[in-house]
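Protein chains: 4
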Amino acid sequence: MPVKKNSIRKIGVLTSGGDGPGMNAAIRAVVRCALNHGLKVDGIMRGYAGLLKEEIVVLNHRSVSNIINKGGTILKTARSEEFETLKGKRKAVNILRKHKIDCLIVIGGDGSYKGASVLFEKFKFPVIGLPGTIDNDIYGTDETIGGHTAVNTALDAIDKIRDTAQSMERIFVIEVMGNRSGYIATEVALGAGAEEVIIPERKCNFHELVEDIKEGNKKGKVSWIIVVAEGAGKAENIAAKITKLTGLETRFVVLGHVQRGGVPTGRDRILATRLGVAAVECALEGMFGKAIGVLSDEINIIDLKKAAHKEYKHINEFRKLLRILT
Amino acid sequence: MPVKKNSIRKIGVLTSGGDGPGMNAAIRAVVRCALNHGLKVDGIMRGYAGLLKEEIVVLNHRSVSNIINKGGTILKTARSEEFETLKGKRKAVNILRKHKIDCLIVIGGDGSYKGASVLFEKFKFPVIGLPGTIDNDIYGTDETIGGHTAVNTALDAIDKIRDTAQSMERIFVIEVMGNRSGYIATEVALGAGAEEVIIPERKCNFHELVEDIKEGNKKGKVSWIIVVAEGAGKAENIAAKITKLTGLETRFVVLGHVQRGGVPTGRDRILATRLGVAAVECALEGMFGKAIGVLSDEINIIDLKKAAHKEYKHINEFRKLLRILT
Amino acid sequence: MPVKKNSIRKIGVLTSGGDGPGMNAAIRAVVRCALNHGLKVDGIMRGYAGLLKEEIVVLNHRSVSNIINKGGTILKTARSEEFETLKGKRKAVNILRKHKIDCLIVIGGDGSYKGASVLFEKFKFPVIGLPGTIDNDIYGTDETIGGHTAVNTALDAIDKIRDTAQSMERIFVIEVMGNRSGYIATEVALGAGAEEVIIPERKCNFHELVEDIKEGNKKGKVSWIIVVAEGAGKAENIAAKITKLTGLETRFVVLGHVQRGGVPTGRDRILATRLGVAAVECALEGMFGKAIGVLSDEINIIDLKKAAHKEYKHINEFRKLLRILT
Amino acid sequence: MPVKKNSIRKIGVLTSGGDGPGMNAAIRAVVRCALNHGLKVDGIMRGYAGLLKEEIVVLNHRSVSNIINKGGTILKTARSEEFETLKGKRKAVNILRKHKIDCLIVIGGDGSYKGASVLFEKFKFPVIGLPGTIDNDIYGTDETIGGHTAVNTALDAIDKIRDTAQSMERIFVIEVMGNRSGYIATEVALGAGAEEVIIPERKCNFHELVEDIKEGNKKGKVSWIIVVAEGAGKAENIAAKITKLTGLETRFVVLGHVQRGGVPTGRDRILATRLGVAAVECALEGMFGKAIGVLSDEINIIDLKKAAHKEYKHINEFRKLLRILT
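Chains as they are written, first to last, in our numbering: chain A, 4 to 329; chain B, 4 to 329; chain C, 4 to 329; chain D, 4 to 329.
Think of the hints as simulated: they come from the structure by calculation, not from any bench. Some hints could be false.
Given that identical chains are not distinguished, each listed pair holds provided it fits within a single copy or across any two copies.
Claimed, not checked - Result set (DSS-like, lysine-lysine): computed pairs, CA atoms no more than 30 Å apart in a straight line: (1) Lys13 x Lys221; (2) Lys222 x Lys323; (3) Lys221 x Lys316; (4) Lys309 x Lys90; (5) Lys125 x Lys13; (6) Lys224 x Lys43; (7) Lys222 x Lys13; (8) Lys247 x Lys323; (9) Lys103 x Lys221; (10) Lys237 x Lys247; (11) Lys323 x Lys13; (12) Lys247 x Lys101; (13) Lys316 x Lys127; (14) Lys308 x Lys101; (15) Lys244 x Lys308; (16) Lys247 x Lys221; (17) Lys309 x Lys224; (18) Lys127 x Lys221.
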């Protein structure tokens, strides 16, 4: 679907799905890089929902000043049932054309990618996707915008909980985000020096865990950190089960939405910046229907329709390390 | 109950109840100040439970190096059913005497104070109490060790959640610690610029809150932060009720044990340090059965038996401010 | 200088002098409290300099949304030589009257207070001062907006430097802010467990310090933290002198402007909020020419002309504690 | 230099050169992985200096508990002139053999690698190197232990300084670590949204920078952040020069040793953990004289003698991005 370089005059950008730290850095990079190339930029508020309501604002150099280190997204995000339908998508394309937007850059997770892909495949509307999700579960990229920060936020919380786990000598089950993805849980468990991790991608041998706890208890090991991804079980239930089976007092914490917010880490800011610039350059090259990512620390471009859910590549290695080190 | 100044040779120190940031700074101050005055110091592990098991260690200058900024408590803490009984308390006193401990410094909340008070009133054993609780609910002191840090930890979490609350335009109900105390909830609500606070000390006009939300929604106000102390209701239930009555999507987060841990703030470190030194000086003066606190930023000493639960003094003022400012 | 309650219709607010964390929370409180009482609010940009250039903007409820946790000041701040003159002050008053501002709220340090005081004493213009300075050196208040945060920022930095001080076994001299005020230095030294503090308010017995270091070195003490307020000497020179006199490698760090910025702590947010509301209420009462502060944790109002530089009240106590505990 | 797998019985580990966050996580991984394989571990205190003084301690499972999130290094680090000589190195090897250490794992920068390389090449002593330096300037690895944390610490400081830069509308020159390496400076400049970066690897067109500032000033741009690596010039001198040539007030901050300390980020903890395990597995395989790193996020092993200083790979790309986005 090549388009002549000079045919692009205006870019639209939106954020979709759950918000994540670094989305603002990506928006800033898209806007400033586009302006630098003489393009105009429209910001679409509230994702696809706002697009269907024509909530569209002009973005200039100053619109994105001092947002590189702010959590959330200045464009806001929302869900849209209307956009789920083909009719909704057709309407979206008409609105984009009406506003003379030549290319739409979508920052979001794999759900948002799917919608964008249909705009391109079905309606031939030029779109480019950037991976904005804390779950790091998108094919074609090693990292996703927000993932690094979410891991550090969860680690910071677990470091605090560990103070109590050790002072009060308790078992703690800590639930982190990740419905289908064990990325945050696995990274956090390894980084926190946790004793166990429970994730949706692998079966948990709960019986073995309970035996480990019992045996550790005999040897004097009284403080445990068990990390569970939300998609693999409720921390509350797991804690209750451990208490029941071991007789040892077990507490739980659900970290929840804290993990979505906060000041993005350096790596998320830089990742988002590189991806935002690459998206604009991709548009200038007339390469559409693409998802941009980073593989081996270099920009990587694949077809949007291929950028589906993928499993975090280090899951097996990190689980093995966990077992060796605790 | 005056004792001659030179009659004190050894001090015992323990932490009891829930742990809190700054307890280590207090232990450090007790140890170093006592050593500075030529006294010996025994550390009693795991609170009253450890005392009954004679888990007693010698503490020297180096034992407390580099702990001033560490969360938790190096002496650990635990609950003890045995100590609840009078028999248990008698046994505790015998063990203290056997170890030639001339005065016991107890760092804990009002529950721990009650036990200590009995040791003094009933068994004439010299005790001194330091307010170690994040709830700031002890009579005779404006501040308690760990309270400042807990407020800042909760604020930091709410700042992050606000990123999402604004990006996704949601109502968030955030549950903070405080079973009987609205201290953390009230401070945090005012400091976070929250819209509402629900605490155990005051009735919540839930109907009014729901009307406010509905009316705000009509005017375009879509993002709400409601802070609830754990003793005043479950965030989960409140969120469900708001959703049901307003039709607006409402999320909840339970901050939980994160609030107990972490690096103590400057104010908690300094408070703990001042209190620790004052406790030792109090012991040297032969003043026992006392609780040490800070009133109007100056050391304040009252009888331990009077240091019961009290309500945070700013509750009415801060609730009024909240209403004016949102 | 009582004015009838209903005579106030519009309030002006400006920030002056060095910026500090919490100024935005104070602005927010002034604006929202004033609006809540039916008043209008003008924001004056860039302190007195902007006032003389009539850089005046209308502030509404939304102008101060989401700034309670932001460092710096949305009104910006600047120095003005013109305002130093009597002619400049007369011009300022004329501009204020032209804009129908009935009362000017000045958030700043003692230099800013002096200017405001002249506006009131000489030109009878209604002014109210709020203590906005990280130095905590203003008479009539125990705390100043930004001071708590500056202490915690410096502590956080020293905690990090201590990692290296211990790993590499070095002496570190750390320079913190405070030209005439040892507030930050003394709080930080006590909170960090530093070995020594050097401040402008007291003579430093440098000879004794050097002897302590030499003696400590013989006993195996190899890691030292010495905190110096900028007004009491250059860290670089002090470090060089220690190296020369002891032969021990000594490093220095100047924390600098980092201490002015950052997310305000809970205490600074709440302090600023209380003071901002009190200022508006004071104006409504027709009490002008006043400086508002907090004494013993309660609002305290004194004449602006009396609110000059004062010494931090805990200096002697904290220096004594430092000596006992290291 | 293959050695039979079962010939290894004891591993020695030391940290050398400047300390960095994550070194403790690496020590923990080495110790626990070695114990897991039935090996013994000796910890050598104070780097090569401590080795020459036989400061050697046994490390067990508990020795490395709760250090994964601590800055600095529990093994401490020091410089050694004696080890610089060939005689010193021979003595080191004799001590290692005397203590029956079969393989020495050195965690440090390229200077430490050079010494280790001589032990292997000249004295045939089995050594393995892990990249422990915040400068990320070692050939054969994309990342070095401590680099990620140093970048985030510097970013956090710059975020704070930016509050003042904007409030007071000043130009700030901020000096970060990096004697020969522009890694931290380049990452930090891009992540902070700085206007310019000055590094040792590239010439700085100072004239152009001054012209940019002058021109920006005409257009109303009054707040600048210029990041300089310490090896490329003194912030103080650069600030003075800008003031002189533009007439605009320019401040400077030297971040200094703060960058070496602090809680390691998740990425540094995980990197250090992976490298520590890989080092032990490498030793078990009898692969010596190697430096272990991570390329494209996978473990990479090269000859230690080849692991010299290298330039950060993204310097050109990131400088280009900086120019596009400001």
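Do the hints match the structure? See the list:
no.	hint	result
1	Lys13 x Lys221	between (67 Å within a copy, 29 Å between copies)
2	Lys222 x Lys323	within (23 Å within a copy, 45 Å between copies)
3	Lys221 x Lys316	neither (36 Å within a copy, 47 Å between copies)
4	Lys309 x Lys90	within (23 Å within a copy, 61 Å between copies)
5	Lys125 x Lys13	within (21 Å within a copy, 58 Å between copies)
6	Lys224 x Lys43	between (61 Å within a copy, 22 Å between copies)
7	Lys222 x Lys13	between (67 Å within a copy, 25 Å between copies)
8	Lys247 x Lys323	within (28 Å within a copy, 46 Å between copies)
9	Lys103 x Lys221	neither (70 Å within a copy, 32 Å between copies)
10	Lys237 x Lys247	both (16 Å within a copy, 24 Å between copies)
11	Lys323 x Lys13	between (49 Å within a copy, 23 Å between copies)
12	Lys247 x Lys101	neither (62 Å within a copy, 39 Å between copies)
13	Lys316 x Lys127	neither (33 Å within a copy, 38 Å between copies)
14	Lys308 x Lys101	within (25 Å within a copy, 63 Å between copies)
15	Lys244 x Lys308	neither (42 Å within a copy, 41 Å between copies)
16	Lys247 x Lys221	within (17 Å within a copy, 49 Å between copies)
17	Lys309 x Lys224	neither (47 Å within a copy, 39 Å between copies)
18	Lys127 x Lys221	neither (65 Å within a copy, 38 Å between copies)
The structure is inconsistent with the numbered hints 3, 9, 12, 13, 15, 17 and 18, although it conforms to all the rest.
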